[in-house]
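J.: Please assemble the complex out of the two chains, which come individually in their own frames, going by the hints.
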Amino acid sequence: MEHAGSWTGSPLIYHAYKSVGEIPDLWQDRGFVNQKEKRGLPSMDRLPGDQQSCSSTDEMRPMDTVRIAAVGAGVMGLSTAVCISKLVPRCSITVISDQFTPETTSDVAAGMLIPPVYPDTPIHKQKQWFKETFDHLFAIANSAEAKDAGVLLVSGWQIFRSIPTEEVPFWSDVVLGFRNMTEDELKKFPQHVFGQAFTTLKCEGPAYLPWLEKRLKGSGGLILTRRIEDLWELHPSFDIVVNCSGLGSRQLAGDPKIFPVRGQVLKVQAPWVKHFIRDGSGLTYIYPGISNVTLGGTRQKGDWNLSPDAEISKGILSRCCALEPSLRGACDIREKVGLRPSRPGVRLEKELLAQGSRRLPVVHHYGHGSGGIAMHWGTALEAARLVSECAQALRTRAPKSKL
Amino acid sequence: MRVVVIGAGVIGLSTALCIHERYHSVLQSLDVKVYAERFTPLTNTDVAAGLWQPYLSEPSNPQEAHWNQQTFNYLLSHIGSPNTADMGLAPVSGYNLFREAVPDPYWKDVVLGFRKLTPRELDMFPDYSYGWFNTSLILEGRKYLQWLTERLTERGVKFLLRKVESFEEVARGGADVIINCTGVWAGALQPDPLLQPGRGQIIKVDAPWMKHFIITHDPERGIYKSPYIIPGIQAVTLGGIFQLGNWSETNNIQDHNTIWEGCCRLEPTLKDAKIVSECTGFRPVRPQVRLEREQLHVGSSNTEVIHNYGHGGYGLTIHWGCALEVAKIFGKILEERNLHRMPPSHL
Chain A
1 MEHAGSWTGS PLIYHAYKSV GEIPDLWQDR GFVNQKEKRG LPSMDRLPGD
51 QQSCSSTDEM RPMDTVRIAA VGAGVMGLST AVCISKLVPR CSITVISDQF
101 TPETTSDVAA GMLIPPVYPD TPIHKQKQWF KETFDHLFAI ANSAEAKDAG
151 VLLVSGWQIF RSIPTEEVPF WSDVVLGFRN MTEDELKKFP QHVFGQAFTT
201 LKCEGPAYLP WLEKRLKGSG GLILTRRIED LWELHPSFDI VVNCSGLGSR
251 QLAGDPKIFP VRGQVLKVQA PWVKHFIRDG SGLTYIYPGI SNVTLGGTRQ
301 KGDWNLSPDA EISKGILSRC CALEPSLRGA CDIREKVGLR PSRPGVRLEK
351 ELLAQGSRRL PVVHHYGHGS GGIAMHWGTA LEAARLVSEC AQALRTRAPK
401 SKL
Chain B
1 MRVVVIGAGV IGLSTALCIH ERYHSVLQSL DVKVYAERFT PLTNTDVAAG
51 LWQPYLSEPS NPQEAHWNQQ TFNYLLSHIG SPNTADMGLA PVSGYNLFRE
101 AVPDPYWKDV VLGFRKLTPR ELDMFPDYSY GWFNTSLILE GRKYLQWLTE
151 RLTERGVKFL LRKVESFEEV ARGGADVIIN CTGVWAGALQ PDPLLQPGRG
201 QIIKVDAPWM KHFIITHDPE RGIYKSPYII PGIQAVTLGG IFQLGNWSET
251 NNIQDHNTIW EGCCRLEPTL KDAKIVSECT GFRPVRPQVR LEREQLHVGS
301 SNTEVIHNYG HGGYGLTIHW GCALEVAKIF GKILEERNLH RMPPSHL
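The listed protein sequences correspond, in order, to chains A and B. Here our numbering is used: the first residue of the first sequence is 1, the next is one more, and so on. Here our numbering is used: the first residue of the second sequence is 1, the next is one more, and so on.
Chain B with its partners taken away, still in its complex shape (with noise of 0.2 Å):
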C-alpha cells in the first residue's frame, strides 16, 4: 500500500503523521512518501504565527468547530510531556480586543479560562473598549514542522523534493493513494475556483518582555487586517494583513508600515524591539476545508485522492481534526480493499 503525501507544510506531515501512526502496524506493506516542493523553513506553515485561534464567525462547515477542538485537545494533551519546546508548543495568555461589545465565540470553552476583560484591562488599550481574556496555546510553525520531520524520519517515511505536475503521474509511478495537501497552490493540480491567496506579512521581532498575545478586530476590515502582536517561543509576530487574490511573494513597504505603526500604536514598548525578520505568507483561503475522497482512473486502475487542503488562516488551528479525519477517510479506503477489517480502535 503506497501512499503519497502531497505537500510538506503543517498539514501534509501531520496527515502523513496521524496515517502511519494508526496503520503501519496493521499494514505490513504500509509505505509513506511525502513529495514537496517546498519544505520547512520554506512553506506557508512556517510564515504562520501558530496561535490556536479560529476565526470568531461559526464556520459554514460544523465538522471544521469539531476538527479546531480535537485539534486543541490533542494539543494540550502534550502539556506535561517534558518535550512541548521541541514541539514548538507551549500555553500562552493573552487579548483580544473590540470597538464595540461582541457575542462570546463558539470556541470559548475549549480554550481555557475565558472571560471577559476588566475594565483596569481595557485601560490599557485605550483604542478598544471590550475584549476577552483567555489561555490558549501557541504551535510555532517552524518548530512544529522540524518535529514532524523528525517523527517521520524515525518511522521511515521519506521525503522528496519534487514539483509534482498532475495526480497522474504520482499514480503512473504507483501510488495506491494520495493525499492532496498542496495548500494554496492546489489550484495547479486541479482547477478550484473556490481557493485564493490570502497574502500576509509579518514582521518577527526581539520582544521578549511581550508575554501576552494582542489581537485586535475590526469588524468593518475583516479577519487579520488589523494589527495583532503574538510572542512565540523566541520571537514575538507583529502582523495584520490579509489581501485576497495577491500572489506578490516578496516583503512590501507599505505592508510593513501598516504593521509597524498598528502594532507600536497598540504597544508602545515595541518601539525598543529588535526587527529579527519578515516575511510574506499566502494563506490558502476557501469558504470551507476541502476535505474529501475523489477517485481517478489512471490507466486500468482506481488510485484514491484524498483532498485536505483550504484551511485559510486556521491550518495549525485545524490541522490535527482533519488530519484526523483523512486517516478515517484512508481507513474506510483499505476496508474497500480488504486489507484490513476492522478500523483501529483508537480511532
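Isolated chain A, as found in the complex (with noise of 0.2 Å):
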C-alpha cells in the first residue's frame, strides 16, 4: 500500500502500539515534556492511511489491545481514564480533550464532599458512589500525598433556617463524627434554627487534577489536545469510548437532559477561617482550602454565561459576611464562574453507536451536576467497569473482524 501523501476522514493520530506504553517516534506524546507546553497540538497529524488503518493495526500491535479514549479531562475523564488503566487489562487510554486543569468545571469547583441528591439515581447507588470517593480520599488525605493531591480534611458546619424535612441525609455515616449541633454552636448562627456538625474531605480540582494527570501516564496512558465535534471522529483510531464530556454531551451524545447550572464564586484569602459553613438550601456557602477560601454561590439553570458579574459578588461577598462576619477582612477577592453538568441522574451506561457498517462501543459517563467531585471515584470505577466489559466482548470476536 502506497503512503497516503494526505489523509480522509479521521483527523487523529493514529496509534500503532507495539505493547501497552510504547510511543512510536512518529508522533511523540507532547503532553508531559514540559508542563508550559503541556498540550500542543501534534505536529504530525496524518493517519498513515486511514483506509489501510485496521490490517496496518493487525499487524503492528498484539491482537488484543483495546485502544480507549476518554473525552474530556476534567474530574471524571482523567479519573476514569485511571481505573481504567487498572481495571482493563491489555489496553491503551488516552484522555482527549480541548480544556484542561486548570481551566475545566472542574477547576472552579470548591470541591467539598458533601454530596446533592439526583432525583433518577437510587439512593443506595449514590451512597454507594459517594463512599467509594470518600474512602478513595480519605486514604489520600491521610497518607504523605495529601498535599500534592490537593485533599485535605475540613469540619464544619451545615445550618438551617427551619427544621429540614430530612434531618439525617444519607451520607450522614460517610462523613465523620456526624451529629446535630449543640444549642451553644448554634448561638454563633442567630438567624438558624438548626445544623449538622461533622468533618469531611475536600478535594481541590487544581492540584487533584494534575495528580490525576501524572497517575495516569505513571500508567502509560496518554493525553491529547482536540476539540472532538463528534464521537465518530474517534473511530476507527479507537476501539472504545468513554465520553465524560459534561456539558459538551449535549451535542457530542445529542442528550438534551443535560443543561447549565451556572455557579459564580469568589476565592478569596481569609487563612483565619478554619471551618466550612454551608446554609441548608446550598445557596450559601464558606469552604475553607488549601491557599484560599471559596465563597458563593448560585444556581442559575440554563444559563450558559462564562464571565462574572460583579453585581453577583457582591451578594455573595455580603450573604457570606452574615454568616463569618470576620470576612469582611478577607482580600484578594478573585471572581470563577463553572457551568455544572447537570442532570435529573448521572448518565452512566454503554451505548453502541452504529453508522452503516461501522460500530462505536461507548460508554457514557457525565451529567454530574453539583456532585462531581462528592462522586467521581465512585462513578468512575463503575464507568470502567462498563468499559471492560466493552473490552471482553470485543476480545471474544474473532481477530480481524472489522469493528
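To be clear, the hints were calculated from the coordinates, so they are not data collected in a lab. Take these hints with a grain of salt, some might be off.
[Claimed, not checked] Among chain B residues calculated to face chain A with C-beta under 10 Å, some are: (1) Met1; (2) Thr269; (3) Leu334.
[Stated by the list, open to error] Sample of chain B residues lacking proximity to chain A, with all beta carbon distances greater than 12 Å (derived): (4) Arg162; (5) Arg290; (6) Glu336.
[What the hints assert, rightly or not] With a straight-line Cα cutoff of 16 Å, these simulated EDC-like cross-link-like pairs (lysine to aspartate or glutamate) come out: (7) Lys116(B) / Asp104(B); (8) Lys108(B) / Glu389(A); (9) Lys33(B) / Glu21(B); (10) Lys187(A) / Asp272(B); (11) Lys108(B) / Glu58(B); (12) Lys225(B) / Asp272(B); (13) Lys127(A) / Asp173(A); (14) Lys86(A) / Glu389(A); (15) Lys108(B) / Asp148(A); (16) Lys147(A) / Asp176(B); (17) Lys274(B) / Asp148(A); (18) Lys204(B) / Asp109(B); (19) Lys147(A) / Asp272(B); (20) Lys163(B) / Glu21(B); (21) Lys116(B) / Glu100(B); (22) Lys33(B) / Glu150(B); (23) Lys108(B) / Glu185(A); (24) Lys271(B) / Glu145(A); (25) Lys271(B) / Asp148(A); (26) Lys204(B) / Glu261(B); (27) Lys332(B) / Asp176(B).
Just so you know, even glycine gets a beta-carbon here, dropped at the ideal spot from N, CA and C.
T.: In C-alpha cells:
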C-alpha cells in the first residue's frame, strides 16, 4: 500500500503500539515534555493511510490491545482513565479534550464532599458512589501525598433556617463524626435554628487534576489536545470511547437532558477561617481550602454565561459575611464561574453507536451536576467496569473482524 | 492614681487593659504605664501556639477553672465581630489523642461540641486508641499582643522599655499600685522557689492544608512532652517539648528532631511543609498561679503590689479571668483608699 500523502476521515493520530506504553517516533506525546507546552497539538496529524488502518493495526499491534479514548479532561475524564488503566488488562488509554486544568469546571468547584441528591438515581447507588469516593480520598488525605493531590480534611457546620424535612441525610455515616449542633454552637448563627456538625473532605481541582494526570502518565496513559465535535471522529483509531464531556454531551451525545447550572464563586484570602459553613439551601457557603477560601454561590439554571457578574459577587460576599463577619477582612478576591453539568441523574451506561457497518461502543459517564467531585471515584469505577465489559465483548469476537 | 504594670506579655497587657477599661471613667486621675524589658515579638507569649486548652487534670486552685472558663466565654463573645482576625482570634476544631481511655476533662462543657472520637477517626492515628473532638479557639500570641498594644495606646497607656530591678525602685518612682506580671522572671524581683521555667521549643511551618489541631498525650511523659500540631492564622505550630528547669534560650537540635519526627509521624503530610521559624520560650510553671495582693512599705507610704504570674502553659487560656480578678483586687484597693465607693456594675 502506498503511503497516503494526505488523509481522509478521522483527523486523529493513529496509535501504533507494539505494547502498552510504547510511543512510536512519528508521534510524540507532547503531554509531559514540559508543563507549559503541556498539550500542544502534535505536528504530525496525518493518519498513515486511513483506509488501511485496520490491517495495519493487525500487523503492528498485539491482537487484543484495546484502544480506549476518554473524551473530557475534567475530574471524570481523568479519574475514569486512571480507573481504566488499573482495571482493564492490555489496553491503551488516551484522554482527549480541548480544555485542561486549570480551565475545567472541576477547577472552579470548591470540591467539598457534601453530595447533592439526584432525583433519578436510586439512593443506595448514590450512597455507594459517595462512599467509594470518600474512602478513596480519605486514604489520600491520610497519606504523605495529600498536599500534592489537593486533598484535606475540613470540619464545619451545615445550618438551616428551619428544621429540614430530612434531618439525617443519606451520607451522614459516610462523613466523620456527624451529629446535630448543640445549642451553644447554634448561637454563632442567630438566624438559624438547626444544624449539623461533621468532618468531611475537600478535593481541589487545580491540584487533584494534575495529580491524576501524573498517575495516568505513570501507567502509560496519554493525553491529547483536540476538540471533538462528533464521537465518530474517534473511529476507527479507538475501539471504545468513554464520554466524560460533561455539558459537551449536549452535542456529543445529543442529550437534551443535560443543561448548565451556572455557579459563580469568589476565591478569597482569609486564612483564619478553619471551618466550612454551609446554609442548608446550598446557596450560601464558605469552604476553606489549602490556599484560599471559596465563597458561594449561585444556581442559575440554563445560564451559559462564563463571565463573572459584579453584582452577584457583591451578593455572595454579603451573604457570606452575614454568616461569618470576619470575612470582611478577606482580601485578594477573585471571581470564578463554572457551569455545573446538571441532569436529573448521572448518565452511566453503555451505548453502541452504529453507522452503516461501523460500530463504536461508547460508555457515557456524565451529568454529575453539583456532585462531581463528591461522586467522581465511585462513578469512575463503575464506568471503568462498563468499559471492561465492552473490552471483553470485543475480545470474544474473531480477531480480524472489523468493528 | 498611678498604676505600673511590669511585664508586657499577655498577662501584663491584658491586665492593664482590663483595669483601664473598668476604672478610667470613674477615676479621673488613673494613669497606667507598662514597664517591660521585652515587648512583642520577644515575649514568651509570642512563642505560644495560642490554643485555648487547660491542662487535663483539675487545677489545685479551683478558681483557675473558673478563670479559664471566663476567658473562653470572653473570647467567644468576640466571635461574630468583623475584626477577630486582627485580634488573632479564630475558632478551631481538633483532636486530643490518647493511648488508652481517660476520663473527660473538667472543661468539656466549656468548649463547643465536645465528643469522643469515632473508630474511623481513630483510624487516622494508628498510634492512638482513644480521643476527643471539640471546637475551641485560637488566640495567636503575637497578633493578640499587637492588638492589646493598639487598644492600650488608644487609651493613652504608655509603654516604657525598662529593666526593673526592684519593686522599691518603681514605688519610689511614684507608683501607687504595681501589678507584677513578670512571668517566668518574677524570681528576679522576689525569690519564689515555686516558680520554674518549663522550657518549650516550637517549629512554625507553612502547612495551610492543616485545619485541625492534633494534641497527643502520654501520661508517662507528662504534659507538652508529646507531639502537638496547632494551626494558627498563617502558620502551623509544631511542638512537644517541656523541660523543667532549663533556662537555655537557644534552639536545640535534638529538640528540633524530637518535634519534627514526632509530628511527621502523627501527620505524614507535614513532610512537605516549609519551615518558617523556630523558637524557644519558657512557660512560667508554678503549682498554681500567684494572684494575690502584697503591701510594700517604701519610706513612709504603702505601695500595693498585685502579683499575677505563674500561668504555666495556659497563660492565654486563663489570662482574662486573671485580669478580671486583678481588677477586682484593684477595686478593693480603691475603696480602701476612699477613692472609689462602688465597684463598677459590670465587674
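J.: So, against the hints stated earlier in the document, which numbers end up violated here?
T.: Going through the list in order, the structure violates hints 1, 3, 8, 10, 12, 15, 16, 18, 20 and respects the others.
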